[in-house]
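Chains as they are written, first to last, in my numbering: chain A, -15 to 271; chain B, 776 to 1082; chain C, 109 to 436.
Calculated from the structure, these hints are not laboratory results. Note that the structure is predicted; figures quoted are calculated from it, not measured. Note that CB positions come from ideal geometry on N, CA and C, so glycine has one too. Do not rely on the hints blindly, as some may be mistaken.
[To be verified] Which bits of chain A does chain B cover? Going by a derived footprint, with three or more residues having C-beta under 8 Å, they are:
#: 1; region: 53 to 62
#: 2; region: 204 to 210
#: 3; region: 229 to 239
[As the list claims (entries may be wrong)] Quick list of simulated restraints, FRET-style, between CB atoms:
#: 4; chain 1: B; residue 1: ARG778; chain 2: C; residue 2: ALA333; range: 50 to 56 Å
#: 5; chain 1: C; residue 1: ARG132; chain 2: A; residue 2: ARG164; range: 52 to 58 Å
#: 6; chain 1: B; residue 1: GLN876; chain 2: A; residue 2: PHE14; range: 29 to 35 Å
#: 7; chain 1: A; residue 1: MET96; chain 2: C; residue 2: SER270; range: 50 to 56 Å
#: 8; chain 1: B; residue 1: ILE1079; chain 2: C; residue 2: LYS312; range: 35 to 41 Å
#: 9; chain 1: B; residue 1: ILE930; chain 2: A; residue 2: SER46; range: 22 to 28 Å
#: 10; chain 1: C; residue 1: ALA333; chain 2: B; residue 2: LYS782; range: 35 to 41 Å
#: 11; chain 1: A; residue 1: MET96; chain 2: C; residue 2: ASP300; range: 33 to 39 Å
#: 12; chain 1: B; residue 1: LEU1067; chain 2: A; residue 2: ALA186; range: 35 to 41 Å
[Unchecked claim] Here are the simulated BS3-like cross-link-like pairs (lysine-lysine), alpha carbons at most 27 Å apart as the crow flies:
#: 13; chain 1: C; residue 1: LYS183; chain 2: C; residue 2: LYS245
#: 14; chain 1: B; residue 1: LYS1001; chain 2: C; residue 2: LYS245
#: 15; chain 1: B; residue 1: LYS1001; chain 2: C; residue 2: LYS174
#: 16; chain 1: C; residue 1: LYS370; chain 2: C; residue 2: LYS409
#: 17; chain 1: B; residue 1: LYS830; chain 2: B; residue 2: LYS846
#: 18; chain 1: C; residue 1: LYS358; chain 2: C; residue 2: LYS312
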Amino acid sequence: MLFKKNNKKQRKVNNRIPFVGISFVGGFLFLVVFGNWIAPYDYEYWDMASMMLPPAWLDGGSMAHVLGTDALGRDVFSRLIHGSRFSLLIAVACIACYGTIGVIMGLLSGFMGGITDMVIMRLCDLWMSMPAIILAIILVSLMGPSALTVIIVVGIAGWPGYARIVRGECLSIKQNDFIRLARVAGCSNFRIMFSHVFPNIANTLIVLVTLNIGQMIILTATLSFLGLGTQPPSPDWGLMMNEGRQYINSAWWLVVFPGVAILMAVLGFNIVGDWLREILDPKQKLR
Amino acid sequence: MQRYLLKRIFIGFLTMLVVITIVFFLTRVAGPADPTAILLPPDATPEDQERLRAKFGLDKPVMEQYFLYMKNALQGDFGESFRFGEPALELVLERLPATIQLAGLALFLGLSCGLFIGILSAVYRDTVLDRIGRVLALIGMAVPQFALALFLALIFGVMLEWLPISGRGGISHLILPVISMSMVGLAAYTRLSRSSMIEVLNSDYIIMARIKGVPYYRVVLVHALKNSCIPVITFIGMTFPALITGNVVIETIFSWPGVGNLVMTSIFARDYPVVQVIVLLLSFMVISINLLVDITYAYLDPRIRFE
Amino acid sequence: MTENINKDLLLKIQGLKTHFFTKRGVVKAVDGIDFSIRKGEIVGLVGESGSGKSITSLSIMRLVPKPAGEIVEGKILLDNENLLEKSAEEMRQIRGNRISMILQDPMVSLNQILRVEYQIGEVFRFHKKTNGSLREKCINVLKNVKVPSPELRIRDYPFQFSGGMCQRVVIGMGIANSPELLIADEPTTALDVTIQSQILQLMKRVQQETGAAILMITHDLATVAQICSRVMVMYAGRIVEKAPVHTFYKTPAHPYSTGLIKSVPVLGKKIGRLFSIEGQPPSLLNPPAGCCFASRCNMAKEICHSEYPPEITLDENANHRVSCWLHA
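Whole structure, please, built from the sequences with the hints as guidance.
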């Protein structure tokens, strides 16, 4: 091929460490861990005397509430900080849920082959051709909206994507000699799957999870925004925007700050994910 | 090819049967409360409730309800809306044009702009233009649709008062919903078409075409465009469910009188017949879009056609 | 420099340098090469992968991958006109018309999803030489390169052709406009051995019919022996030896050439272990100061490591030249 040199050069350029992304993610994780000590108020603390205060730098704002307060006089800044934990926990729980199902299904499908493979793949096709999101909305509304239902619903809906990628990885790993060796050494299928195949797809999974956290933050925030997710008074960013929406004519800060928070968190995870993909997935199997 | 298509249509039909069944049982069996409880005034007698249940066929055993529903559904009768007393199908179809207008425009805008920016970005790779395109795409992927919609509404509707932020009317009513709905797709299509185009531009047949003395713009438009469109087309099918979600969000925010708006209000009002029709309609759309994608795919890539 | 004003002279390259500007530094893919090709001759350019052969050919076409690659110095004279001074449009007119090129792997050098007819037609469509219908011309192209039933195959897609047939199509496109120079970048490497000789025969025949000069890029000395009249050896971005084919095989002057010839197995001759040149070619990123081959050369002197050797003429016609201190 003619362009090897050029590609090599391109790869080098992209391998720069993304300081912006890492600092966003780092800041986000910092808030998740130390939020309780940083936030000036509890997220449920309300004070009708200081409701609808604008941010500190505007007329009528006070340094006591840097980013202003909402209709119940709750401190937006504190709620944003507490909200980081909600967002991350829900997103991670969702991914853990469908990631586990997806990985198991993918390993079974890729490793067993035959009928198991066919059944699982047909199931994937069926699953993916159903508008999973709409079913999710119905499910949430039936089970009653809460953080837990969001996790269950998204978890059930999202597994086929993981299953397909894991299956593809598994098929190519299966060709390697060390798998045959393990078989010769008398390892059981189960053992080969989890102690030989699984570690080899770990890199792929790390990239996939990082790229997915951003998407999950958006999806769960969207469900909360539609009133199908976490319920008041939790400081979920999507929910905050839903509550702030009715005051869009008078109190822009109720909408803008949570929006910016989501944007920065997702942007950070996306950038870091892209970067990890560059390092850990040189063959660009994941797009 | 024809056999393949027939097979796909058959599988699509089966999928819809499965969807209809799942939705039926989810709404009738897993549903926590009796929908008639919401519909009746608080002072209604148990007899009133029984009468209403009988009217909607809710007094029969679930399996019987199911078979009756399926039989009617095959004849195009999806029951009446609990809320409005009108046939559910008509109620949904009435709203459909508004949704198609919004979603269609958003898809078109996202796809055409995404392809355009992505291709420019790939052709003028590593230039300032490319950098700007990539940063915008990265940000576009990170903004949730509802946040973008609210931001745009805030800036152009509330602060500048240039555009209306609710309802359906002239072109001015379309601008904000369409833009905020198309942005995520636009970013995704930009990224995808850029990477796909770069891969294609690096292949030997592009060099070969240039060796033949074909002008560069023709090389890009004929050789590269067709090849790099293949993954983008596949992507449309894959992201169609996301488009539906986006549609629900945007219609809710901008009070757009479409199907997405209807499904939200119907869910909260437990108007199951309407929900069922909408879900069915959406899965029909997903299936037909995927079919359409497959046909386009075969048209673009002769290797599929001749298999 | 009286020999320059030679009427037979078709292509003359002087001090050509093509560099790639990467984040890690400048890769000197082609680092100052001179050579010329006469009208109608077949010249072999030999060297291992990464020695800059392909980049040399792309430089002549002015298709060095941008923005990393750039021709930094030198002249490429086609009939005494410097190609490096041509505008993009003039250059486009020359490509596929006066100079044409065949790439290594025929399966990837044709666009798999466009009909063969369209791809051949492009050769004619963008050069103002229109007489006769496009389809007829395309069929003629296939006839020329002996593709069976060209009237039918013209409607096919490249993936319906075998590798050898694809390469025939590519060669047909290459010679369609009777170019003065045809660059063949390892045209047989990706093919089966039996197909290889067929393709070489085809190229030889085509050369006789059209009178085009061919620059045959290869790493296979057998190919060179089969069809070339002169050979040039390229190593680490420079041409280290130029010689008529017979001289080259009989008395190779550069240690690298000697090594190359020794490493070719000869039928019926028992030599025990096949000879191989020890070591790796140097990185083009930071090439050593002196002769690039010095580190692998067992006859290297002190000066070899510190200074690049000049080009030394070995015979009275100045046909055999070598860049090596051993002959200084």
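Here's how the hints hold up against the structure:
1. 53 to 62: violated (count 0)
2. 204 to 210: holds (count 4)
3. 229 to 239: holds (count 5)
4. B/ARG778 x C/ALA333: 50 to 56 Å: 54 Å, holds
5. C/ARG132 x A/ARG164: 52 to 58 Å: Given about 39 Å between the Cβ atoms, the range is violated.
6. B/GLN876 x A/PHE14: 29 to 35 Å: 45 Å, violated
7. A/MET96 x C/SER270: 50 to 56 Å: 37 Å, violated
8. B/ILE1079 x C/LYS312: 35 to 41 Å: The hinted range 35 to 41 Å holds for B/ILE1079 and C/LYS312, with Cβ atoms some 39 Å apart.
9. B/ILE930 x A/SER46: 22 to 28 Å: This hint holds: roughly 26 Å between Cβ atoms.
10. C/ALA333 x B/LYS782: 35 to 41 Å: About 56 Å separates the Cβ atoms of C/ALA333 and B/LYS782, which means 35 to 41 Å is violated.
11. A/MET96 x C/ASP300: 33 to 39 Å: 38 Å, holds
12. B/LEU1067 x A/ALA186: 35 to 41 Å: The hinted range 35 to 41 Å holds for B/LEU1067 and A/ALA186, with Cβ atoms some 38 Å apart.
13. C/LYS183 x C/LYS245: Violated - the C-alpha atoms of C/LYS245 and C/LYS183 are around 35 Å apart, more than 27 Å.
14. B/LYS1001 x C/LYS245: 25 Å, holds
15. B/LYS1001 x C/LYS174: 22 Å, holds
16. C/LYS370 x C/LYS409: 22 Å, holds
17. B/LYS830 x B/LYS846: 17 Å, holds
18. C/LYS358 x C/LYS312: 23 Å, holds
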